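Chemist: With chain A's structure known, arrange chains B, C, D, E and F on it following the hints.
Number of protein chains: 6
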Amino acid sequence: MTTRADGRADDELRPIKITRNWLDHAAGSVLIEFGKTRVLCAASASEGVPRWRKGSGLGWVTAEYAMLPAATHERSSRESVKGKIGGRTHEISRLVGRSLRAVIDYKALGENTINIDCDVLQADGGTRTAAITGAYVALADAAASLGVSKALTGSVAAISVGIIDGAPRLDLPYEEDVRAETDMNIVMTGEGKFVEVQGTAEGAAFDRSELDGLLALGEKGCADLTKLQQAALAG
Amino acid sequence: MTTRADGRADDELRPIKITRNWLDHAAGSVLIEFGKTRVLCAASASEGVPRWRKGSGLGWVTAEYAMLPAATHERSSRESVKGKIGGRTHEISRLVGRSLRAVIDYKALGENTINIDCDVLQADGGTRTAAITGAYVALADAAASLGVSKALTGSVAAISVGIIDGAPRLDLPYEEDVRAETDMNIVMTGEGKFVEVQGTAEGAAFDRSELDGLLALGEKGCADLTKLQQAALAG
Amino acid sequence: MTTRADGRADDELRPIKITRNWLDHAAGSVLIEFGKTRVLCAASASEGVPRWRKGSGLGWVTAEYAMLPAATHERSSRESVKGKIGGRTHEISRLVGRSLRAVIDYKALGENTINIDCDVLQADGGTRTAAITGAYVALADAAASLGVSKALTGSVAAISVGIIDGAPRLDLPYEEDVRAETDMNIVMTGEGKFVEVQGTAEGAAFDRSELDGLLALGEKGCADLTKLQQAALAG
Amino acid sequence: MTTRADGRADDELRPIKITRNWLDHAAGSVLIEFGKTRVLCAASASEGVPRWRKGSGLGWVTAEYAMLPAATHERSSRESVKGKIGGRTHEISRLVGRSLRAVIDYKALGENTINIDCDVLQADGGTRTAAITGAYVALADAAASLGVSKALTGSVAAISVGIIDGAPRLDLPYEEDVRAETDMNIVMTGEGKFVEVQGTAEGAAFDRSELDGLLALGEKGCADLTKLQQAALAG
Amino acid sequence: MTTRADGRADDELRPIKITRNWLDHAAGSVLIEFGKTRVLCAASASEGVPRWRKGSGLGWVTAEYAMLPAATHERSSRESVKGKIGGRTHEISRLVGRSLRAVIDYKALGENTINIDCDVLQADGGTRTAAITGAYVALADAAASLGVSKALTGSVAAISVGIIDGAPRLDLPYEEDVRAETDMNIVMTGEGKFVEVQGTAEGAAFDRSELDGLLALGEKGCADLTKLQQAALAG
Amino acid sequence: MTTRADGRADDELRPIKITRNWLDHAAGSVLIEFGKTRVLCAASASEGVPRWRKGSGLGWVTAEYAMLPAATHERSSRESVKGKIGGRTHEISRLVGRSLRAVIDYKALGENTINIDCDVLQADGGTRTAAITGAYVALADAAASLGVSKALTGSVAAISVGIIDGAPRLDLPYEEDVRAETDMNIVMTGEGKFVEVQGTAEGAAFDRSELDGLLALGEKGCADLTKLQQAALAG
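Residue numbers (the UniProt record's numbering), protein chains in the order written: chain A, 1 to 235; chain B, 1 to 235; chain C, 1 to 235; chain D, 1 to 235; chain E, 1 to 235; chain F, 1 to 235.
Hints in this document: simulated from the structure, not taken from any laboratory. Heads up, some of the hints might be wrong.
No distinction is drawn between identical chains; accordingly, a pair holds when it is met within one copy or between any pair of copies.
[Stated by the list, open to error] For lysine-lysine, the following DSS-like pairs were computed, each having C-alpha atoms within a straight-line distance of at most 25 Å:
no.	residue 1	residue 2
1	K17	K220
2	K36	K17
3	K54	K82
4	K193	K150
5	K54	K150
6	K107	K150
7	K150	K82
8	K227	K17
9	K84	K220
Just so you know, these numbers come straight off a predicted model, no measurement behind them.
In isolation and in its complexed conformation, chain A is listed as follows (with noise of 0.2 Å):
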């Protein structure tokens, strides 16, 4: 048995925080924190859809992922100083939206635009996971505020999990991210469906049983958090 440095089970979330309307201006944002990671996810509403898309009748949401350059243990140079968004910042922007999309009735959006911003403001891993499951209570904030709550077809939650000397961990912090064997994203629906499965061996390849023993912890966290989103929208 392993033991993990902030003492919790190998099946243990870090301790999740959600602040719903952190923020003024936007029709929703949430400051959500898992341990010491913390992204600030707004959604902003537009009329209009993107010109490949007028006339459809359909809505669209869209996401854009970044990291503050004092998030990470050493600065990070700004992206629009580099005059360029670095493959990871696109990745992680395009995993976003995809994952909010698998719950949204486009139809029922109407033609109208929610944009989702998720600045990381601080960066302890599983800042991704992190970013789609507060996004997803911003949207669900601004369905409410702009009365489409029907758009939503369900909830999204996003967790990772990882192989840290041969044992399955769920929500790795930096410290054991970088140290994990295989790291995998898993992103679902609230009724227990996956939406994303990104599974990636860093160092050596993995067998069928890892994945599956991998798949059954995220299948956990995700509930786990669907349980925490929906606290936090009654709260």
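Modeler: Just chains B, C, D, E and F now, kept in the frame of chain A:
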């Protein structure tokens, strides 16, 4: 006599809140609030200096200012996505850097660089003055943690003043800022000397007596902020 | 039971063709065809490694994926002309690089870099899986020509699977890909272990048994491709 | 009492030369010289206004400032080659535009745009103040040639002032500019009102009496320039 | 008398191979080979013309030339990754476009645009001349498939000539190209008229009689290529 | 027989004016005028050479050509603002650099770089030929001031020729340039040898006798310019 929407006297600051150590990784970090304006200021230290300064024995301090997309009333687009930094962002980043460098003893800093990041989480007027005022506190904490407090030769604070409906007012929120005939940002040291004076006629040009009135109001505001900075650092 | 437009069984690959040494200059080069999908994979060796790896005694392998404008049904615009790389391109380039690095012994490679270029000459679905599968063969040829075949600890192949009209299918061409409810790319070693698993619900979220069906199909497809790679390298 | 290298009194301008109609195509064009500083100012008119202003019945004036590579003592690199505009260029372009807009009656201009280009052919300090002073004359010529002279509600001129060796001086050439403890640019209307006041402590912070001294000097310099502008336009 | 490394006569082309319909999606596509130089030329048609040409009733033809990273002896870096197109690429793209437009009847084309993509898969000298020669065949196929063959008023072909060791030679491979004292690219119509003549003294300047020798050689080479184009199109 | 709008004979240059030392800082500088076309050419010297040439003992000469926005009949947009350099600018910068390098003895120059900047202040046709012709004079002055006049092995000049209404003409102004059926730029040494020949059929393709007529005219024009360069340098 004029009445302000928020009931303040014309020479009164908005409620100011300075929260130190808001982040875990940066050498110094402050969340500063001027009313609804909220700026996260982080000071990160690194060894070495830019190429043009190598071997001089002198340190360097530089700053980057940016705004989150959802900080403003209408969501603004992300500069990293646009692939270039706008003129306003450039201008304010340079102002913040110059203001802080006015109280730096480069020799005492040694060949080290301090990067100041000022990220506006929410904007309601006066973001650049909040950024400078908060950045000084973050810088003081960073200098202390690095054991080079003597590299700071004094303190620096900044405030906006403007003429609205013919009367000079201190610390303009957004709704006053857009109506101001003249708008001025004043940066001063804790000893009451000027570091920067930037006045702009937005509507009609202003005469010397109006300018004198604005300068007096700015001196008052900066003195008030200096006391709040001292209290925060003593806390 | 479903019927595929091209008459294939649900677990059958398209005709696969691997042409080695398609180019004269690169250390290894392969034109790989998955049906109408045609990807030119080239492995170029150079001395030295990126700056962050210098002096480590370890080598590096990196990949770039791109698509010619006329490769797609509708001509797509050229990323060099747009002046920036899109998120999808970034994402796939990173995937190809990670997949190949899973079978590299950096120490055996020494401080050398191998650049893998995967250029899609014609696209009909599965371009990223063809790229990975062909790139491995180009890499093996390059390693042999450089006398460092032992730097390859195994082989790697990739295939797409998806659920179309409720049934899981292997190796989706474009017309199936756009109709897929769920789309998954699986990268495996020749020994049958997973390197990457990326599943996305395009329409409805998928449950665990559907996921298991897709994984089994992917294992079958990667095993078939491994044999084709071996045959090509033996040829 | 101080002595200036070029023998001028502390409150004396350098030789100013304003050559109108230096170009054949632009609606108005001026080559302005402040000593060795030489700026080519061109005002080009076009129908229509930027998108955000369409249908308002109001015109627009905007400015771009730039420096030729060989204008400076050491050749500077070309911003078009670097692919981005530096902060200083952005800042001055914005200042020139704001300064000229202070004397524009947008309604009288109608839905037309005037682009002001200020290209520094040779730099010896004071390029931004020469740009503003010359641009006004080019703008006046352009307005006259377009038959909208009434769209100009007044004139505008600009001058630099600074404290060198403890004494305030007017119109700093490069060798004084680099030595200045405090540096201020003042933009005023022909009627003696302020449009912009930008003062920066380059070395030590400055006190109120020093600020007053600089303002007085700036008022004198702008008044002198106003007369020279009038003479040029009468010529 | 000189001897060429590949045994050709000084006025002899390398083996030329023109493969039509190499791609499935583009309206016309050709893989053209000049010895080891291999260029994929695709002609894609789309409705409409660039904005500046709308409503004119006239069509447009434009071209983009690029080189795959592994095409050259030493891998070259990807222009999309660098974020900008180099001068050489720009120059050749413009040359290819101009050359093809010389045989276009815009009116007969109607308000349609044909995009020509010339991607160099392998480079061994003469890539721009192979691109033009192959692009014409792709364009002819595209025009035929669109039913506007009459929009082509003639054919166009191109060849390189140069002076090596004092003697004029036709169709230079890379190893001759780098040694050439003078290098010239000649573009001609099928009727034997000149479309472009671009000669450059790489080493010593050349006199009129040398120029005349090169022109004669170019006329011979273009006439030979014209016959090969006709044969390919008749095939 | 044709008549030109400005009354010139078909083989006559426009009035040419060469003003040396137009700038104070550059090692050599020339304002050259071909009629209304006005180009400022500056040659700046710096120690060292580009990385790929270090340690070779050889110098380098490079050139950048650009156009001010107000130089053209219709204001053109600034390439620094667009964030990229256009193909035409790239092409001409390369042509100017190649032309000057044709008369450089790199060994005599030593490991120094000369940057040539050609900025078009006003454009009326022939800007690239004026740039080359003026740049040579600036380069000669720079070489003399650096004490390396022997690094120039000869002189270089350039002129445009074209066929208008069926007749060959020398030195085309804008209004002839846009009407030309064929347009050619010729760069020659002072000794009457060719450095560059670039001819383009704008309308109809041209035959060999027309080409011969243009070449003869170009030889005459370059010889005339060589004399004017010599006179300017002797002055």
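Chemist: Kindly indicate which numbered hints from before are broken by the structure, ordering the numbers from low to high.
Modeler: 7, 9
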